[in-house]
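Enquirer: Next come the chains, spelled out residue by residue.
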Amino acid sequence: MTRLRVAVHKFTSCDGCQLALLNLGPTLLAVAERFELVHFAEAGPVDPEAPVDVALIEGSISTPDEEERIRRIRAGARRLVAIGACANTGGIQALRNLPHEDDWVGAIYASPQHVESLKQVRAISDVVKVDLELWGCPVTGAQVLAALGALAAGVLPEDEADKVCLECKRTQTVCVMVTRQVPCMGPVTRTGCGAICPRFGRDCYGCFGPAEAANTDAMSRRLAGLGLPPRAVARRFHFIHSAAPVFAAAGETALERDHG
Amino acid sequence: MAESRSVSLRVPVLARVEGEGALELDVRDGRIAHVALRIFEPPRLFEKLLEGRAFDEVPDIVARICGICPVAYQMSAVHALERLFGTPIDPATRALRRLLYCGEWIESHALHIHLLAAPDFLGFRDAIAMAKSHPQAVARGLALQALGNDILRTLGGRSVHPVSVRVGGFSRAPDPAALEMLRARIEAALPEAETLVAWTAALPLPHDDQDFCCVALRHPDEYPMNEGRIVSDRGLDLDVGSFETRFRETQVSHSTALHAALDGAPYLVGPLARLNLNIDRLPPPVAAAVDRAGLRLPSRNMFHSVIARAVEILLALHEARRLLADCTAPDPAALVTPRAGSAAWATEAPRGLLWHRYETDPAGTIASARIVPPTSQNQARIERDLSESLTALGLDRDDEALRLRAETVIRNYDPCISCATHFLTLKVNRA
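First to last, the protein sequences are chains C and F.
Using my numbering, the letters of the first sequence correspond one by one to residues 1 to 260.
Using my numbering, the letters of the second sequence correspond one by one to residues 1 to 431.
These aren't lab readings, by the way, just hints derived from the structure by calculation.
All values derive from a computational prediction rather than experimental measurement.
Ideal placement from N, C-alpha and C gives every residue a C-beta, glycine not left out.
Hints should not be assumed to be uniformly reliable.
To be verified - Which chain F residues face chain C? A few, computed with CB under 10 Å, are given here: (1) 43; (2) 61; (3) 107; (4) 121; (5) 123; (6) 133; (7) 135; (8) 149; (9) 160; (10) 170; (11) 417.
Using the sequences and the hints, build the whole thing.
Expert: Given below as structure tokens:
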């Protein structure tokens with residue numbers, strides 16, 4: 001089997017998705033044997049311009065420099081994989097894209113002219129073609145390893161877009177919404193985390209993004225039925241994946257209800 | 001006598017640091033004309049996006065500031081909000097939070113020692129190359145890192161952005177069987193951590209004593225993590241609520257991280273500062289390991305930070321063992337009654353003092369937030385260290401030697417650049 005040349009690039013992010021690799025423990029050394037890690041600044045190798053088979057992209061695009069950089073990476077990468085919420089939809093920092101938010105950089109920095117920043121935080125796929133998206137905030141080591149393994153075999157991994165609810169059923173986790181009226185986002189959120197929030201007795205907060213065929217209208221009605229006012233319903237959707245179209249729209253609908 | 005020459009060094013992407021930073025160094029007429037740790041990580045504006053959110057969303061939001069130390073952000077946040085609301089915390093919850101923090105210290109320090117710092121001292125490009133010549137050391141480090149992560153997973157569901165930390169307590173008590181398994185692994189890891197302390201002390205670290213001011217929390221009877229007063233080795237002794245009276249942040253043009261100063265001067269936070277200020281809070285077996293390693297405390301050699309991290313891994317394992325021995329299930333998370341007000345708290349993140357302040361309305365909605373992370377506090381100290389270290393090394397050394405030493409100096413602080421950016425100045429410009 002050929003040894004794939006792999007790069008890990010960071011954009012605007014918390015670094016948590018790169019940790020899917022750095023936290024592998026002893027497996028990290030096996031990964032380094034199996035794949036050629038050409039560029040992975042946090043782990044050591046720096047060669048951002050080198051052509052690669054797979055570029056793993058963490059983070060969102062939020063400056064003009066980043067926009068240029070992702071285009072160069074795309075040009076030199078056979079496959080480009082967006083890993084994690086920031087790369088997939090802009091992540092939590094995309095909250096600043098919401099229409100009611102104004103000049104945040106000006107509010108935080110005394111001299112905003114020194115801080116380069118695009119008006120909108122953008123997902124990787126807003127700027128370049130993305131071959132594969134791995135969802136999660138953060139992605140898990142298992143997801144990244146499965147994707148690298150599939151790409152090494154010349155295929156794309158299967159896209160698991162089931163809802164967290166299914167994972168709760170599989171793991172026989174008691175439903176926190178049914179039994180405790182907790183405003184759990186599991187019914188509209190993509191699985192992959194192992195349903196950790198319900199297993200830890202709390203609400204899913206949507207960090208793996210929208211599931212396939214997410215019925216956000218029914219979800220919103222249920223949240224309202226649990227006593228959440230429209231603004232609180234909006235905040236449930238406008239959180240880690242506020243810029244995912246399905247969640248963005250559901251949140252806006254709730255806000256319109258608030259104003260109307 | 002070497003002829004003085006001009007040097008202009010630019011390292012556009014610093015390797016083995018968390019986040020995006022660059023180094024600029026200019027030498028003219030045998031003197032440093034300009035040195036900067038340039039931080040260009042784009043701002044994520046967390047303080048602003050916290051405004052208008054409910055208090056119970058805060059732990060999930062602030063975790064996203066840093067993938068390596070999310071627990072630190074969650075801990076400073078929940079303690080500040082509990083202080084604000086007057087929420088009582090039961091002793092079992094307090095103990096579990098400390099255990100959680102132990103997991104993060106072990107994970108973060110083991111990652112830094114082995115994957116980020118040690119290759120500098122042993123002359124390797126990275127840990128993967130180092131593993132070929134030092135397989136046991138790297139395997140030991142990765143196993144310790146994995147144990148730290150598993151403590152986090154057991155208590156919080158996952159190691160990056162754990163989910164169980166709530167204002168008022170934990171969303172659920174950890175599984176007793178899983179705690180039992182941790183107990184056995186922690187026991188087995190203690191001798192490994194002792195070996196690690198000796199191994200870091202035997203690294204060929206540069207000798208370069210400098211004069212710097214150490215700042216850390218200090219607790220009446222334990223090594224500081226979640227509670228304490230802010231103290232320095234120059235006589236500072238401050239309630240966390242009074243932080244802003246002595247510490248100021250300013251913006252500099254080469255960085256999206258703000259520079260902090262104590263009474264106008266640079267200072268150090270992090271493992272070496274913590275250890276220097278809390279030698280007498282080490283449990284006896286850890287103090288004995290420090291003695292055996294020949295580490296004299298307080299130390300003025302910044303490069304002893306790597307030993308301090310190993311000592312803190314050993315300490316965190318001892319603490320974890322003790323906490324697990326008398327572990328009882330915590331009360332369910334306390335019912336929180338929000339109120340309007342403002343409160344601050346600080347905890348000890350792996351990289352040092354992490355200070356938060358929140359202001360809420362009567363419903364507990366966040367009206368304003370201010371977060372001062374460790375790396376922005378260390379930034380001025382790092383630049384001072386660069387000047388002193390490179391001058392001590394000799395500015396007539398070739399570019400490669402200067403670059404390597406400069407990078408080693410920066411990495412030695414374990415700067416967490418993702419954390420360091422995105423924060424608010426005191427001067428809010430709402431033009």
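Enquirer: If you check each hint against the structure, which ones fail?
Expert: 4, 5 and 6
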